[in-house]
Amino acid sequence: MEKKVFIADLIAKYRAKRGGLIPLLQEVQERIGYLPRWALEEVAQGLDLSLAKVVGVATFYSFFRLKPKGRNIIRICTGTACHVRGAEKVMAAVKEELEIGPGETTADGEFSVETVACIGACGLAPLMTINDEVYGRLTREEVVRILRELEAKEEVKV
Amino acid sequence: MELLTVTINGRRLQVPAGTNILQAAEAHGIHIPTLCYEEGLTATGACRLCVVEIKGARKLAAACTTPVAEGMEIYTESERVVAARREVLRLLLANHDLRCLTCERNGDCRLQDYCYRYKVEDTPYEGVLREYPIDSDNPFFIRDYSKCIRCGKCVLICAEVNGAHVYDFMERGIDTKVTSAYDDNLQETTCTACGMCVNVCPVGALVEKSTLWEGRAWEIEKVTTTCPYCGVGCQLKLKVKDGRIIGVAADKSGSNRGHLCAKGQFGWDFVHSPDRLTRPLVRKNGRLVETSWEEALALTAARFRAILHRYGGKAIAGLSSAKATNEENYLFQKFMRAVLKTNNVDHCARLCHSSTVAGLATAFGSGAMTGSLDDLLAAEVIFLIGANTTEAHPVTGYRIKQAVRRGTKLIVADPRRIELVKYADVWLRHRPGTDIALLNGLAHVILQENLWDKEFVATHSEGFDEWRRVVEKYPPERVAQICEVEADTIVRAARLFGRARRGCIVYAMGITQHRSGTQNVMAVANLAILTGNVGREGTGVFPLRGQNNVQGACDMGALPNYYPSYLPVEDADVRRRFREFWGTELPAEPGLTVTEMMTAAAAGKIKAMYILGENPVLSDPDAAHVEKALKNLEFLVVQDIFLTETARLADVVFPAASFAEKDGTFTNTERRIQRVRKAVLPPGEAKADWEIIVALAREMGYPWKYPRGPEEIMTEIARCTPLYGGINYSRLEEGGIQWPCPTPDHPGTPRLHAEGFSRGKGKFHPVEHIPAAEEPDRNYPLILTTGRNLYQFHTGTMSRRSRLHQLRPHELMMIHPQDAAARGIKDGDTVAVASRRGEVVTRVQVTDDVPPGTVFMTFHYPEVPTNVLTNPATDPVCKIPELKVTAVQVSKAP
Ligand code: SF4
Ligand code: SF4
Ligand code: SF4
Ligand code: FES
Ligand code: FES
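Listed in order, the protein sequences are those of chains D and Z.
Counted the way this note's numbering counts, the first sequence spans residues 1 to 158.
Counted the way this note's numbering counts, the second sequence spans residues 159 to 1052.
In isolation and in its complexed conformation, chain D is listed as follows (with noise of 0.2 Å):
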């Protein structure tokens, strides 16, 4: 219940303005860390917009997230330095060993997957983060070495 009277002050603030959806949006994401439905019905009825107009904004912008984020972000650089020295093979690596590409996380929540451009290390290419730690130089072999040892890692914690 509290959740939705944040949502309808929200409506309240931003009903009048033109334009004022995807601000909202921006807001509601800041609040919960992504978009869930029930939170895109309260802004539809609230804003007399239909679901699928929000959803399709929604959608439409790459900042916004419709899933919640992973505890683990994976970020894959696609710059050009490690375009041309084989991103496609870590993304191809990490997709075997996690079954999710880009945008994507695993369903017990663990692992979300995202693409960034060029982070500035391109000597290190073709390089991917992981909650800001950078593993450079990858083979496919390495990517799930540092998966494994990271799983591994997790179900310790638990």
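Hints are computed from structural coordinates only; laboratory data are not their basis.
Careful: at least some of the hints might be erroneous.
Which residues of chain D face chain Z? A partial, calculated answer using Cβ under 7 Å [stated by the list, open to error]: (1) LYS53; (2) VAL55; (3) PHE60.
From a predicted model like this one, the values you see are computed outputs, not experimental measurements.
Note that beta-carbon positions come from the ideal geometry of N, C-alpha and C, so glycine has one too.
Since the structure of chain D is already known, use the hints to place chain Z with the ligands on it.
Same frame as chain D, now just chain Z with the ligands:
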């Protein structure tokens, strides 16, 4: 209209200013290809297939979004244009699941057609083919988005015409997909199953399920006809393959412009129901058994003859049908009058709009809708009272929503929170049965604040002063008390309506089905005269007729006091003319109405009845009484397409043809006479109603002959029905015609009373608030009001034998949370509803869409026969029963 001169492909052409290049070219037979453009929807210019070259412009322009300008020089098929179009097509092919071999749209697909036209065989692009799962979860159509070309037409028609807003563009770039939010199944969305998205889809992405694997486009015949459900009279095309209907396509020739609702689009499958009657039945040893036509006709004729001989025509009565064609209604009343010598002929319009016919005829001189449905789009304000348009007359509901979207103001007066309340500027939630007080109250404010049309009243009306004295007794404060609406809200509504230059008043059964029905209608008429809202564009009084052909059945004289064209039976001169025309003696005394017939039958005064396509056991008030009355008859003949609850009581049952199996005409609620065309053969030995009536007349010794069928019957109608004097089938080929149409060269009449009222002057009728016959009391504390839902129709005879049934399979009585809580009732519970006359058991829906103190039920479900509860108290003028107000008690079923 200003004309501009443009040159298209070297031809100098005159085109109206304000049109776009596409329309201008099309008007001169130059076809520019389009994928995303649809007339009547926003032009988005998304697909770029319609690009043309304009001399002097650097870039190609989209024809659908570029208005013509004086002197423009346009090339629609230049080399540059063709190259651009080929590029568009190649890009589309790159992401298209090209399966023409088995695609249902093969041969009827825009993408395929244009690839052929521009010789695009393949694509050089390596696209990403998304194999989306095919959604086939709803009962009506599949969604195969691997074939979607993202034209967006489904998004637009669903939002801009239906107002359901189911779809939108999801994701971006190459991943863009047009679908419902979260890809939800349509049943979980606001979808109303109108199928319009399917009809506008240019490719095989949205496809009716009923046509899957049934045949190729070129094997399917399309027959244009009129929807058999409600009085909007939508035109549609039946898709026919091997003698069976397999689907419906849009037809743009009618005022529905190709728009349909779930009933018209998906409700046709009752035609092929295994429950159809295929042979005549007669009662032998108490049971109905199949027999031959010869025996059934001979027996019927013999019984009618004997009863006629013994008791005279007064002992016989007939119910004609608002579902049958004009030709059949005409023959039926002719049969009753000329052969059975009685004026006891009526039909179910008695139960819905007889008060309209009586009220508007005395006020204006004609009982029909004054304007055309299109006038709603031109109104500044629409006042809707007692009409749940979006469910009962969906396509007219679309028009009201479209008008509101374009800036028309809307006032809704309804005790229920109907869908259109969402679109309303003012909602008057008045207590059921207080319409006159409300209407007088609005008139009061309009008078008080000088918002009335003094000139119109002075030149076009009579009875003003007397009426004014009555209305003065209805200040907003008093009305507020009677209606339980805030006085302020009444004032606001009155100002909104009074200030507009063009206003329409739309009403339906919420006004007519009352003891005071005729006076309710008069109160509506008073308000229209006072504000001068009759006879001009964007104005008028709009009674919405329930059944597909209620208007026609009335026009044809299926009424106890009127011959065709509302010529009064009591007028000796008129009677003489019909006697000469039909060549036989005719009874002089007006006959009995439906409700009176039932009472007379129960009392043994009516001995025989002939009922055509009606189901009074479910549709009439106090159903138990009706059943008793019919059982009391010596002889009952029922003619129908199914063995209805009424047919089960008959001595003879004739199997009739459905709308798809015969030719004829229906007249819609805006007086438009439209063709019904035979698309398939009737099942077994079933025959069209007109054939059966003719056979029976011949059996009774009258040499009726119509070798050219309904067309010839219409010729006869035109000769004795001044309103239809100019109607013939060859004219109707070009589209419907609105009566009055007195002569073959008359174009028809979109607006009545345009040159002053038909009766000379509009008449103000002083009418006073009368409480409903049954006010709630301690034992029966709630008001029951009845109506329809979107997916079912009338007594469900047709709609429940169609796949529509799946959408709302059972009755759900609506009750307010307060009333529910007081009785310990929860959503989904089963309850007993009792009135002074009977009791039914139903499931409930707890909702504040109904006000406290009021419950709502439909009458579509035979297992919940709502009309055993309702009150047969009738309006003294037109005898319409008070179906809208019944005092009931509700308790949780044990
Ligand atoms: S069937 Fe009608 S309401 Fe449903 S999605 Fe299609 S257009 Fe919208
Ligand atoms: S489903 Fe059909 S109508 Fe809708 S966007 Fe795709 S191609 Fe166009
Ligand atoms: S609005 Fe009425 S006439 Fe039109 S399709 Fe629906 S039921 Fe048929
Ligand atoms: S391209 Fe990957 S870090 Fe620069
Ligand atoms: S038809 Fe004009 S841009 Fe699509």
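Hint check:
1. Taking 7 Å as the C-beta cut-off, the interface hint given for LYS53 of chain D holds, the closest approach to chain Z being about 5 Å.
2. Taking 7 Å as the C-beta cut-off, the interface hint given for VAL55 of chain D holds, the closest approach to chain Z being about 4 Å.
3. Proximity of PHE60 of chain D to chain Z holds as hinted, the smallest CB-CB distance being about 5 Å (cut-off 7 Å).
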